[in-house]
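Participant: What follows is the residue order along each chain.
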Amino acid sequence: MVELRFKNTSSEDPNWVRSLNEHDEGSEQKLSCVMAEYATPQEWLAACAKVRDAGYKRWDGLTPFPVHGMEEYIGIKPTILPWITLVAGMTGMTVAVALQYFTNAVLYPYLISGKPLFSLPANVPVMFELTVLFAAFTTVFTMLAMNGLPQWFHPLFRRNNFERMTDDRFGIVVEASDPKFNRQQVELLLANAGGANVEAIFEPAKRAPLPVVIHGVGLCVTVLALIPAGLAIKSRYVKSDKPRIHIIQDMDMQPKFKAQAPSPILGQLFGDMRASMPQVEGTVGRGQLREDDHYYRGRFGEGEEDYFDGIPPQALEHFGSATALLERGRERYGISCAPCHGLTGVGDGLVAQRADMLQQGTWVPPTSLHADTVVPQADGRIFETISLGRNNMKPYGASVKVADRWAIVAYVRALQQSQAATSDMVPPAELEALKD
Amino acid sequence: MAHAHTQTLTEEQTRLPARVASLAPGIIFGGLVLILAALGWAFATEDGLVHFQYAYLTGFMAWLMVALGSLIFLCLQHVFRAGWSVGMRRIPEMIVSNFWPWIIVAFMPIFIPICMGDTTVYKWLDPAMVNPTSPLFDQILANKSGYLNKGFFIGRLVAYFGIWTLMARFFVKNSVAQDADGDPARTRRMEMRAAPLIMVFALSLTFAGFDLLMSLDPHWFSTIWGVYLFAGCMISSVSSMILLLMFIQNFGGMKHIGPEQYSDLGKLLFAFVFFWGYIAFSQYMLIWYANIPEETTFFHFRQAGEWANFSLLLLFGHLLLPFPGLLSRHIKRGRKTLAFWAIWMLVFHFVDFYWMVMPYLAKKLGHGMEVVFHPMDVLIWLGLGLGLFGLTLSRAKRQSMVPLRDPRLPESLAFENYY
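First to last, the sequence lines map onto chains P and Z. Those letters in the first sequence? Residues 1 to 436, by UniProt numbering. Those letters in the second sequence? Residues 1 to 419, by UniProt numbering.
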């Protein structure tokens, strides 16, 4: 007959008690802790105060819900966790600033939409995120560590009445590792404080071994987990002439021929290997005949003075009237020209103003459209300047249509005339308005 | 729940101390004197009346936020079935009971000029700006005229103040009536209605912010504006509640409110100081990053000249100093330290509104980048504030300072924080 080491209290399942006793059979007892139960929070708090005053250090109160003021009765001191959180948060912020400074401004300076390489407003979101990330993770994991969690097993787990501490009972547990621990004294203290079911709890004598299957599976998983890492390391040091494995396609491979790529199909048809056919010699594409040099080039020869003067009739026809031409010219001028040349054409556009402000020394100021070198120029030459660019000015032929370019030329002419206008050129009504 | 620190209230503890009640008319009178002094000063100054209108708008909006913050505070306490705040819930209830009539009366100096079509403050009220034949014609305003027109504007303003007055009435009436009949169904009704009322409140605050403050520059827009104002609402109302509570306690009233409730009010204050910073920075960064001219005008003006320093004052005073200042638990639990930060936040709440409104006055008067400060700005703000506090205290003597028969009152009295 095995001597029962566990009392068979009413709350306990006899089978459970028997299995515990059989498991610990024949082994040496090692005391883990002493536990007592209390029925109400008031009794429990009063008992906690007694244990606290008795000077025990390694003990705890168990309660199914937070009881107001319990930290005072259990003698829990304010935690230093907030300070750790503060330090972690500040570390996160410092890391964020340093990370962004070194990556954006030092290691890989890359100008994005004219913003400074290192500018606080752009960096604040990352600073905020990393501050929160460091602070939150540190708080959670430090809290777990300070509480000794995760704790997979504690001898208390083997007591059925321990479960009631999550339901309708309050408890006090004094650990045997407490320096003042003395079993008789502790049991007496807890019982005198009104504790029920005061009992000593023992460590389990021996542990059940882990099943061999789990050992085997664990070993296999560990070995298999090394394979991808090994392959990755190998491919970093071994040279290969095969193309890399294209895991994410991103529409990189498409069943079509690109403009400059060779094509076996068309190559057979036309005898060369080109995917895009050149224009057949002696032909003109539909709508690509640009016969009229006045309209399309603004010049009749290749000489320095071989420019047409006057707006070509096609441009006027295109817009219907001279007023429409000038209105269109004003609009297009405002979009394409005014940023540098300014709304009045004197070269004080916003880009020019900003460049002057920066004083970087590489800027060539835009020419004033009212300069003595510009006013006498033929219309065709201004058209050519717009189309092909001149000096530092970029060509606008690709972005502004031919008719629009002539409209701009007409508007520039109007601007130039406005600078030399006399009062009799202004309509009387507007002259009156100007006088006010 | 049974508890170690139970507490019962005596009849005297639930009353406003007689000394506070007798001080209230004096406080209101002092506020009136300050406003009249500001008005007198305005008559004696060049452009003084224009300045007065802008300064009055600044001061009024700053204190209106206190009342609105108290209103949303009440909604939140009910919707969360909060226990901790029941003991001090009468303070926000008394603040919002001023909507009818005194906050509406205080709004009249802004509302009457609007009805008369005065364009000093809201320049878009000028019909010439949407008249295509006028030299003042503004295409953007013409496009917005479906919303920004005098009739609809007045209608909306009436609706906002109507909604707020009715909301305030609902909460105050039920809470006070419960003192007499002790009917727990009233608590239930307030909880049920609080949730939809939060939505009504959010929309009315957002649109009132658009109308009364954002339309000062009718071209400019920011969709986060309402949230920004909401952050200010919470900061200013919690600060005001802390100060009113301390004032009443200094004369021996409301003794049941201790460091636990102050600690929670301090936490709310701290949270919304940071929330304000979060929202203010979100608004700033999105506009800064997109760099679109019609959006950047607002900050561009406030980043240049003297206004740049003023903006820095706001940044430090409203966020960077109070944030670490309110971080510690001991500061939130200490009466003097918490009172210091409550006053500080109320002052910088005013600075915030000054920063929103007054640059438009500088533009209007052609002062360029100068901060157009005049002592009457502070006089009006102080005057309106004293008026609001005095009226709140004089309301408070009409009924118990504690919701005597609220089912959560025992919980509130027993309330304690954990470490």
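None of these hints come from the bench; they were simulated from the model. All figures in this text were calculated on a predicted structure; none of them were measured in a lab. Treat each hint with caution, since some may be false.
Said to hold, decoys possible - One side only, chain Z facing chain P, incomplete, derived with CB under 8 Å: (1) Phe29; (2) Phe281; (3) Trp288; (4) Tyr289; (5) Glu370; (6) Leu413.
Unchecked claim - In the EDC-like style, the derived pairs of lysine to aspartate or glutamate whose C-alpha atoms are separated by at most 20 Å in a straight line are: (7) P:Lys115 to Z:Asp118; (8) P:Lys77 to Z:Glu294; (9) Z:Lys150 to Z:Glu260; (10) P:Lys77 to Z:Glu295; (11) P:Lys115 to Z:Asp47; (12) Z:Lys364 to Z:Asp47; (13) Z:Lys173 to Z:Asp183; (14) Z:Lys123 to Z:Glu295; (15) Z:Lys123 to Z:Glu260; (16) P:Lys256 to P:Asp241.
In this text, a Cβ means the ideal position worked out from N, Cα and C, and glycines have one as well.
Participant: Flag every earlier hint the structure violates by its number, smallest first.
Facilitator: 1, 5, 6, 7, 8, 9, 10, 11, 15 and 16
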